[in-house]
Amino acid sequence: MTSWAPYFLPLCVLFGLAWIAISAAVILNRVLYDLLRRSVRAAQTGAEASRFQTASRRRRSRTIEESLARLPRPVIEHIAADSTTPRWQAKVFATYVRDRWGSEPLINAAFTHKGEMEKWARIAALRILALGGEPIIMHLLQRALNDDDRDVVGAAVILLGRMNDPAAARLLVDALRRGVYTQSRIATQLDRFPQPVVRLIRPLLGDPAPVVRFWAATLLTRYGGGLEINQALASLVDDVDASVRKAAVETLGKVGGPYAAQAAVDLIDDPVWYVRAHAARALGDLRRADLCHLVTPLLADREWWVRAAAKEALQAMGRQVEREVLHHLDSTDAFARNGAAEVLQNLGIVDAILLDTISDRWIDPGRIELIRKIMAAGGPGLMQAAIGRAEPSVAPAVAELLERAA
Amino acid sequence: MGVESFVHTFVYWSFIVCFSYLFLLYAITAVLAVVASVENLTRKCDAQADDYDALLYSRFTIPVSVIVPAYNEQGMIATVVRRLLDFEYPEFEVVVVNDGSTDGMVEVLEKEFALESIERYYRKTLQTKRVRAVYRSKTDPRLIVIDKENGGKADALNCGLNFSRYRYVCCVDGDSIYHRQALLVAMRPVVKDPATVIGLTSLVAVGRVVDSEDTQTVGHKEVDHHVWTNLQHLEILRAFLNNRLAWSRMQFMICVSGAFAIWRRDVLLEVGGFSSDFTCEDIEMTFRILEKFLRERRPVKILSLPDMVGTTEGPERVASLISQRARWQRVILETVWHYRRMLFNRRYGAVGLLGMPYLVISECLGPFMEVLVIVTLAAALAFQLLNWTEFLALLGIQVFAVGIMSSVSLWMNDASFRYYRLRELVRLVLIGPLDLCCYRPVLIYAYARGVVEFLCGDKRWHRFERNARRTAA
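Sequence lines, in order, name chains A and B. Using this note's numbering, the first residue of the first sequence is number 1, and each one after it goes up by one. Using this note's numbering, the first residue of the second sequence is number 1, and each one after it goes up by one.
What the hints contain is simulated information worked out from the structure, not anything from laboratory work. Glycine included, C-beta positions come from ideal geometry on N, C-alpha and C. Heads up, a few of these hints could be off.
Covered stretches of chain A, going by a simulated chain B footprint (3 or more residues, C-beta under 8 Å) [claimed, not checked]:
#, segment
1, 29-36
2, 114-128
3, 226-240
In silico lysine to aspartate or glutamate, EDC-like type, Cα no more than 20 Å apart, as pairs [what the hints assert, rightly or not]:
#, chain 1, residue 1, chain 2, residue 2
4, B, Lys44, A, Asp82
5, B, Lys124, A, Asp333
6, A, Lys114, B, Asp46
7, B, Lys44, A, Glu118
8, B, Lys44, A, Glu116
9, B, Lys138, A, Asp351
10, B, Lys221, A, Asp34
11, B, Lys124, B, Glu296
12, B, Lys124, A, Glu303
DEER-style ranges, computed between Cβ atoms [claimed, not checked]:
#, chain 1, residue 1, chain 2, residue 2, range
13, B, Val17, A, Asp82, 17 to 25 Å
14, B, Asp277, A, Ala376, 38 to 46 Å
15, A, Gln195, B, Asp277, 55 to 63 Å
16, B, Pro299, A, Glu228, 46 to 54 Å
Given the sequences, and given the hints that come with them, work out the whole structure.
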């Protein structure tokens with residue numbers, strides 16, 4: 001041990017100095033950031049002021065230049081490339097970068113990358129160029145879409161989604177078709193695209209890949225009101241792929257139209273459970289209480305999700321389903337009895353029956369029989385819950401009534 | 001060989017073992033810190049390039065069921081649930097599971113959210129203790145409260161799973177306050193790669209009283225002026241930023257924290273739900289999923305994010321802290337022992353070859369080695385194998401080593417998020433080296449107690465008294 005002892009003190013000093021150095025770096029970094037933030041705020045205020053100025057364009061750009069001139073280039077680029085910066089502000093900063101330092105270095109950075117740091121610089125450059133409206137941007141984004149790196153592809157998808165240009169929509173649709181990135185993310189951008197893209201999506205309904213047909217049917221929710229689209233969606237009820245059938249009926253349920261209800265009716269006994277569930281939901285969305293007799297049998301479906309969808313659909317249809325649901329209190333299937341009781345509870349029908357009965361002077365034996373039936377179907381939990389829901393002033397009467405019915 | 005000679009030899013070898021261990025741990029920590037810094041930077045760049053608006057307003061954003069198991073949280077629960085319902089996220093539900101509380105927690109919720117009792121026929125996929133009642137809110141249809149018999153946190157989570165409707169679940173604590181963007185921030189990596197990301201966690205800060213309004217204003221966050229809580233917060237920062245970010249990058253994220261855990265629901269059901277056979281459920285669930293997926297060679301990604309998603313209450317009393325940390329130590333030992341077949345097993349990839357050995361070296365051997373270090377140093381001083389200068393220099397090395405780790409994690413945190421005021425940052429930096437003198441001895445005792453409890457088969461929760469409630473009282 002004695003042979004090592006001379007090293008202990010220098011080692012301690014070394015560790016101490018390392019701590020001081022790192023801690024000083026943390027604090028210094030923060031102090032510099034705070035100082036820089038003040039300049040950035042001033043520049044942002046300048047940019048904001050110029051936005052609302054009625055002065056000439058030249059004068060406005062001079063105001064911006066004066067505000068931004070104090071900031072170093074990496075900071076301006078960083079703010080322009082940050083997705084949390086307000087879009088108009090990012091645009092001002094991006095235009096300034098392009099005007100002051102030219103597009104060449106950004107185009108070079110956006111073209112390709114090697115390694116992690118260059119990758120993020122490439123993504124930042126793409127964003128700045130997209131905001132600055134650089135003519136070459138579409139080519140660069142197309143290139144980025146074909147990159148091997150998922151982060152670059154993801155960034156390209158986001159940037160294309162923000163561009164108010166039909167060419168960008170075409171690239172996104174092509175990316176969706178080829179599945180170059182998580183398709184829900186591409187679909188998100190197409191769903192929010194600033195321009196209508198129905199003419200690009202409509203042909204995808206006939207795509208050989210089921211996943212593309214699925215997304216096409218889903219994305220048409222925004223445009224499904226037209227007769228032609230409605231018809232095209234309805235034709236997908238015969239699709240060989242279950243997910244496509246599901247998407248078609250889901251969309252039709254949301255957009256309505258002449259073919260919607262029939263499509264849902266056709267799929268209500270589909271062999272695949274999630275298609276049945278969405279067919280039921282579609283009828284609920286369409287508020288087709290007249291078709292509730294097609295939904296109620298699903299309360300006894302072998303799949304839990306279908307039973308849950310049937311309950312939701314019946315609740316969405318409203319109290320008009322009461323008579324049909326009451327029939328199912330006698331079902332031979334326990335799930336159907338439970339489900340019917342739950343629907344009656346959630347529609348407020350159970351509470352209404354109980355309150356009506358206790359407010360009548362003469363108690364109708366038919367009502368007592370009905371309450372008994374609901375109790376048998378829903379079990380003691382349903383009735384306990386009904387007592388719990390009742391106003392304190394009537395709760396004892398409700399409890400007494402239930403006891404009598406039991 | 002005389003007694004003195006024997007003691008000298010023992011102390012000499014013990015000294016070599018202890019300091020080899022410590023320097024090995026420092027070396028591993030340094031490597032992890034470098035990897036974590038790269039991951040932190042990557043996450044920062046990734047967040048800056050993302051489209052939060054699309055995530056927030058898209059109908060394709062995956063909906064989430066937030067499960068809140070709660071036991072005797074009368075004082076906190078209304079605030080916690082209010083903040084959860086305030087999440088900025090397109091579609092989610094909040095499932096509060098009252099695990100047989102003996103205080104007035106349900107009454108508080110009933111009053112605050114206009115609850116009404118209903119009967120719901122749910123899937124009993126996982127066996128749990130009996131559900132006494134189900135409530136829905138008249139004011140917010142996204143809230144459902146389940147009142148069940150006491151069965152522990154794992155049982156309450158399983159009950160919540162039975163009631164949850166969505167594909168992903170976010171398990172949170174009933175005593176923590178979460179930020180409005182927590183779900184949005186955390187679900188970003190999931191939405192990007194839903195096929196493989198099946199679990200995720202993120203940093204939850206430690207505070208003394210957490211139901212204050214100021215929780216997440218960039219550049220304005222204050223820390224409690226309470227050294228004890230600050231030291232706990234620094235410890236959590238080190239664990240999340242120096243360690244878990246690196247584990248996440250190196251694909252062996254072995255502990256999804258129970259304070260904020262996002263899981264794919266079907267995976268939880270596939271592995272049979274949370275287990276009540278362990279002291280805590282979080283680390284065991286992570287191991288169970290990793291073990292199954294890696295054994296079956298299925299794609300699996302469990303991530304840890306650097307974003308601060310909420311604040312949890314840290315014990316302000318020494319006894320409470322000891323009890324909490326002893327429990328953590330116990331569950332680590334239980335899990336490592338249960339899954340010992342994964343250790344150095346190539347079938348489990350980085351988890352078996354890096355994660356498990358790291359856990360064994362740092363968490364399982366740690367308590368023994370730390371006690372040995374103290375004994376060895378004391379013996380070396382007593383037998384004059386070290387003089388006071390050398391002794392203090394050795395202590396200084398350890399003091400500054402922890403200080404360096406704290407400062408590095410603060411650097412990572414501040415460079416990415418700038419949460420704190422400058423003066424709060426300085427305070428945390430300066431408090432870092434105090435760990436060894438004020439905090440570590442308590443932890444060493446807690447870990448040793450955890451080891452003893454593990455060997456005795458103790459699996460109790462040892463709940464600590466809430467700080468806020470004591471203050472209110």
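Each hint, compared with the structure:
A stretch counts as covered by a chain when three or more of its residues have a beta carbon under 8 Å from one of that chain; for the segment 29-36 of chain A and chain B the count is 5, and the coverage holds. Taking a C-beta to C-beta cut-off of 8 Å, the segment 114-128 of chain A contributes 5 residues in contact with chain B, enough for the three needed, and the coverage statement holds. Only residues whose C-beta sits within less than 8 Å of a C-beta in chain B count toward coverage, and the segment 226-240 of chain A has 0 of them, not enough to reach three; the restraint is violated. Proposed proximity of Lys44/B and Asp82/A is supported: the alpha carbons are some 10 Å apart, at most 20 Å.
Taken as a hint, the Lys124/B and Asp333/A pair is honoured in the structure, with Cα atoms around 18 Å apart against an allowance of 20 Å. Taking the CA atoms of Lys114/A and Asp46/B, the gap is near 17 Å; set against the 20 Å cutoff, the hint holds. Restraint check for Lys44/B and Glu118/A: satisfied, since their Cα atoms lie roughly 15 Å apart, inside the 20 Å limit. Our distance criterion of 20 Å between C-alpha atoms is met by Lys44/B and Glu116/A, whose separation comes to about 13 Å.
A distance of roughly 15 Å separates the Cα atoms of Lys138/B and Asp351/A; the hinted pair therefore holds under the 20 Å criterion. For a cut-off of 20 Å, the pair hint linking Lys221/B to Asp34/A stands: about 15 Å separates their Cα positions. Note on Lys124/B and Glu296/B: the hinted pairing is violated, with a Cα-Cα distance of about 27 Å set against a maximum of 20 Å. The straight-line distance between the Cα atoms of Lys124/B and Glu303/A is roughly 13 Å, inside the 20 Å bound, and the hint therefore holds.
Checking the proposed 17 to 25 Å range against Val17/B and Asp82/A shows it is violated: the Cβ atoms sit about 50 Å from each other. About 39 Å separates the C-beta atoms of Asp277/B and Ala376/A, a value consistent with the hinted range of 38 to 46 Å. The given range of 55 to 63 Å is respected by Gln195/A and Asp277/B, whose C-beta atoms sit roughly 57 Å from each other. The given range of 46 to 54 Å is broken by Pro299/B and Glu228/A, whose C-beta atoms sit roughly 41 Å from each other.
In summary, the numbered hints that this structure violates are 3, 11, 13 and 16.
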